[in-house]
Amino acid sequence: MKDTDVRQGTLALMVLKTLDVLGPLHGYGIARRIEQISGDLLTVNQGTLYPVLLKLEQEGSIASEWGASENNRKARFYRLTRQGRKQLQTEARSWEQTAAIIERFFAVKGEDVK
Amino acid sequence: MSLWRELARGLRGLINRPAADRDIADEVEQYVDEAAASFEARGLSPEEARRAALRELGSVTAVREQVRAYGWENIVETTLADVRYAARRLRRYPIHALVAALTLALGIGASTAIFSAVNPVLFQPLPYPDPQRLMLIWDGQGGSRLDVTFGTYRELIARNRSFNAMAVMRPMQPTLAGVAEPERLDGEYVSADYFRVLGVRPALGRDFEAADDPPYDPNGPFVAIVSDTLWRRRFNADPTLVGRQILLNDIPVTVIGIMPTGFENVLSPQSEIWSTLRYDPALPFNGREWGHHLRLVARVRPEIDLDRASHELQEIAKAQLADFERPQWASLQDGFIAHSLQDELTRSVRPALVAIVGAVILLLTIACVNVTNLLLAQGASRRGELSVRTALGASRARIIRQLLAETLLLASIGGALGIVLAHTTVDALVTLSPPELPRSGAIVVDRTVLAFTAGLTTVIGLLVGLLPALNGFRASAPGGAPQQSTRIASGHQLTRRSLVVVQVALALVLLVAAGLLLRSVQRLFAMPPGFDPTERLTMQVQVAGQRFRDAETSHRFFDSVLEAVRQVPGVTAAAFTSQLPLSGDEEAYGVHFESTPPAAAEEDPSAYRYAVSPGYFAAMGIPLRTGRALDSHDGAGAPLVAVINESFARRRLPGLNPIGQRLHIGPNSGPWFTVVGVVGDVTQTSLAVTRSDAVYITAPQWRFSDNARWLVVRSQADAAALAPAIRRAIAAIDRNQPIIRVATMEERVRASAADRRFALLLFEAFATTALILAAIGTYSLLSGSVTERTREMGVRSALGASRLDIVALVFRQGLTLTGLGIGIGLGGAAVASRALVTLLFGVTRLDSATYAGVATLLLLVSILACAMPAWRAARVRPSVALRFE
Amino acid sequence: MDAPNTDVIQGTLDMLILKTVSLEPMHGFGITRRVEQVSRGVFKVNPGSLLTALNRLERAGWLEAEWRQTANSRRAKYYSLTRAGRKQLEEETSSWSRRASAVARILKAEA
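If you're matching them up, the sequences are chains A, B and C in order. At position 31 of the first sequence (counting the first as 1) the number is 31 in the working numbering, and the numbers step up by one without a gap. For the working numbering, add 1000 to where a residue sits in the second sequence, where the first one is 1. For the working numbering, add 2000 to where a residue sits in the third sequence, where the first one is 1.
Do not rely on the hints blindly, as some may be mistaken.
Said to hold, decoys possible - Partial chain C-side listing against chain B, Cβ under 8 Å, derived:
(1) Pro2025
(2) His2027
(3) Gly2028
(4) Thr2052
(5) Gly2061
Stated by the list, open to error - Residues of chain A placed beyond 10 Å of chain C at every Cβ, according to the derived structure:
(6) Leu13
(7) Lys17
(8) Pro24
(9) Gly27
(10) Asn45
(11) Thr48
(12) Ala63
(13) Ser64
(14) Trp66
(15) Ser69
(16) Glu70
(17) Arg73
(18) Thr81
(19) Lys86
(20) Thr98
(21) Arg104
No wet-lab data here; the hints were simulated from the structure. C-beta atoms are modelled at their ideal positions from N, C-alpha and C, and glycine is treated no differently.
Make the full structure from the sequences, and use the hints.
Set out below in structure tokens:
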């Protein structure tokens, strides 16, 4: 937790959201989109992204197929499945809940406790 | 973050485990108390509160364990526990452990010994600063490596830009006189920059300087640098030696420096003393300055790479300048041949070393396979134990770690034993090794070698443990109840059987190698040397010193010696020769016949020159074919005569009668010799070389006197015993002339095949070990198999199978494996034999007789290995077997 | 912990511990209670993980531990924040904020 590497769990969430917003996309596009929107607060590298994509695919949240990228290279495109859409909703909710709780933690002052 | 804290806490955990445990227990206990209190606050009774708290916690022990498990000290603890447990297990089955450890010790020991021999040659850099910048340079005339001339050296020094320094050298063999025992020393004449090229300076005194190398002046002064070993050996490490004079060849020479201890002269390992060349810079063409007899070593500048330096040499050779006149025989028209010193050193022995390394790897593999099989066999009986341990909560990772700890411990014991083994054999290795083995002085079991051994041992331990650990892993799978699971058993069997097949195959490869080498050596010694080596004693007698600069005196000395030696009782014949067959001498000259045209360009006109005393042929047992032998009439002033060998005559004078033909020995400006006789062929360099053209003349008829001659003495019986008497006879003539290299001709014949015999020795040792290991492997596999299948045997027997049937069963199992192994091994040997090609003689690498013989041997041995288990199987009584459960 | 986003929580456990202890020295169960309070029961702390984490943080030099006598003459281990721990907390907090706002941005984004 010492730098802005993205953690596995949140990464899965962001991948699902990205696919939800942008539609089918290849791995590189997903990574760049996340970095772009986050204003470069996060860096996503290949090593962390692809295991997450693999796991999501195994779980059935996303599906992949071969297609051609912008520069006509062969690339694997991922899209959200219906199950994935549902998972996105649950995960997003639970993230917000978690984030809210953690915010509360930081808001707590000495006097509030006892 | 805080290294200190990590260390401190961990150490506390290690040293004071009970206190650390108490802390954890107290903390967990207090946690439960607080949890219970909070439940009480919600209204539960104290007992209910406590129960609720414990329920939420889960298991107190589990939590304690979880907290305890954090920290590096745990790894240390568990490792120690593993090792202790492993040691206990090994003690339970001491014989198994011993056999396994010894087997590994053999493999690791052999590997270590060979590595220590190979290390200085192949891996270690030469013991000089920046050794990769040192190059050896030859005159490349005719495409072969020819020693350079002094003139060439002078030209290169003047014209080159790529080299820091260059030096030339040639052998020197002065006699150390003025001491109790005169001794002929081995040394070199060198140019002043010699040690600078190498980059080593004398430890005491000073190095040579240009002022020490002026043109030769018989009045001196002469200087020399001695080696550390000579200094200790003959001068008792006396520090006042520097500046003192010693007598070399009756000439006073000042010692100016002493080389450091451990200075290794790879260019000339035997050299103990160096002096300057003192060549004449005027370089008269007929002087020795223009003879090809100097070796050239040079150091390349740091900023230039060797290829460029080499390239510059070729350009210098091509572009002849007026300032540097070159005689026709040193025209450098074929350029130079230059190689790095390191490459040169390994070039000649690399093939043999590679073959030996290959053999060691095979042996190591066989040893590992054997031990793996042993452990697998043991593993079968441990299945029950492992399942129980799993049920008790041991994680699979832990179990595997423990199994590996066992094999690592085993390997460590084997490794330690192996180092001891290597230590003892390394000395033997060095003694037995052929003299051509470079840097044999550097063969030692040192830190690098030990590091190699440690690494090898670890790898072996893990490798060997892998299969048994995996099997243990399978056996400890949850639900693997302690019973005979046939599926696991057959999986085991397949692995073990394949391993035995591998062992047999590898053993076959080694045996084939040994067999091929054995036949090579046999064939070699079956080659007729051309002379009769039985009961012939030889020694080299040298005259040194000012007195003998006159040829007359020299000849008279040798004549007197001959007379005196002939008087010694037991001597039936005695003679001198300037060059002795199989002595390592290779003195050859171009021989040109009058009546045949100059030999075609590719035809090598050289022949070995022998300056002999009358009676030489009889003394050596060389048969005379036609004409007459040389006799006492052929002295100085008489017509010059020569004798040549028959194949030389046949080849160079086809269809002509050789008697009466005239020839030149050496340059055409020399005198004509007339052939008066033809003798049988004699081998000079080695039994393997079939062509040895020779020309014999009498000593007085050569233009200068050969001052080092070989005395050949034939005796009725036990020639070797005559040595002391002959020495005394010679000493009576002149006690100051050293007599060296005393040996019988039979010994020389044997020594001439030293490198092959050395390789043979190694391979024989490895092959025998491999054979024994393979036999043991087969035996233990079958033995174990019979034990496991006792019930089956009983059933078969009860169902009517005869003893013979049972025996046949076991044999069939064993021989199938052997057969497979032999089949694979034959293929492997066919491929592997390529590595041996340079060592073979008289046998092809696919020699069918050898392969067939080895296969038969293996078959016989495995029949033997099958015999005992088969006999045991046949004795199984159905009633006992069926009760076995 | 049993929150849905388990590895998120696990990643922040250290931070939560440091923050909790930054207010006042606390023992293990106290931290558990605080976390469950603030999260209104959503975060459930596993005692084993917590105590191990405390051990780890102490070895890392971010927490200081001292034993105190409890009412029934047992001893309790109290943890407090060290100066290095305070710095670590600040770093982790700002790092978390950065990440959380990045993720929030992504979740809000429409295209």
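Hints versus structure:
For Pro2025 (chain C), the shortest C-beta to C-beta distance to chain B is roughly 14 Å, which exceeds 8 Å, and the interface hint is violated. Interface restraint check for His2027 (chain C): the shortest CB-CB distance to chain B comes to about 7 Å, inside 8 Å, so the restraint holds. Interface hint status for Gly2028 (chain C): upheld, as the beta-carbon distance to the closest one in chain B is roughly 5 Å, under 8 Å. A hinted interface residue such as Thr2052 (chain C) counts as satisfied when its beta carbon comes closer than 8 Å to some beta carbon of chain B; here the least separation is about 5 Å, so the hint holds.
Against a cut-off of 8 Å between C-beta atoms, the interface hint on Gly2061 (chain C) holds, since the closest Cβ of chain B lies about 3 Å away. Against the 10 Å criterion, Leu13 (chain A) falls within the reach of chain C, whose nearest CB is about 7 Å from its own CB. Distance to chain C contradicts Lys17 (chain A) as a non-interface residue, since its nearest Cβ pair spans about 6 Å, not more than 10 Å. No beta-carbon of chain C is positioned within 10 Å of the beta-carbon of Pro24 (chain A); the least distance is around 14 Å.
Once the 10 Å rule is applied to beta carbons, Gly27 (chain A) is consistent with being away from chain C; the minimum gap is 16 Å. The beta carbon of Asn45 (chain A) is kept farther than 10 Å from every beta carbon of chain C, the shortest such distance being approximately 15 Å. The claim that Thr48 (chain A) is not at the interface with chain C holds, since no C-beta of that chain comes within 10 Å of its own (minimum 13 Å). Separation of Ala63 (chain A) from chain C is adequate, the least Cβ-Cβ distance of about 21 Å exceeding the 10 Å criterion.
For Ser64 (chain A), the condition that its CB be more than 10 Å from all CB atoms of chain C holds, with the nearest at approximately 21 Å. Consistency note on Trp66 (chain A): stated as away from chain C, and its beta-carbon is indeed over 10 Å from all of that chain's, at 25 Å minimum. Taking the minimum C-beta to C-beta distance to chain C, about 20 Å, the non-interface status of Ser69 (chain A) holds against the 10 Å cut. Distance check for Glu70 (chain A) against chain C: the nearest CB is about 18 Å away, which clears 10 Å, and the non-interface claim stands.
Against the 10 Å criterion, Arg73 (chain A) stays outside the reach of chain C, whose nearest CB is about 24 Å from its own CB. The claim that Thr81 (chain A) is not at the interface with chain C holds, since no C-beta of that chain comes within 10 Å of its own (minimum 19 Å). No beta-carbon of chain C is positioned within 10 Å of the beta-carbon of Lys86 (chain A); the least distance is around 13 Å. Thr98 (chain A), annotated as away from the interface, has a beta carbon of chain C within 10 Å; the closest lies near 5 Å.
Look at Arg104 (chain A): its CB is around 5 Å from the nearest CB on chain C, not clear of 10 Å, so calling it non-interface is violated.
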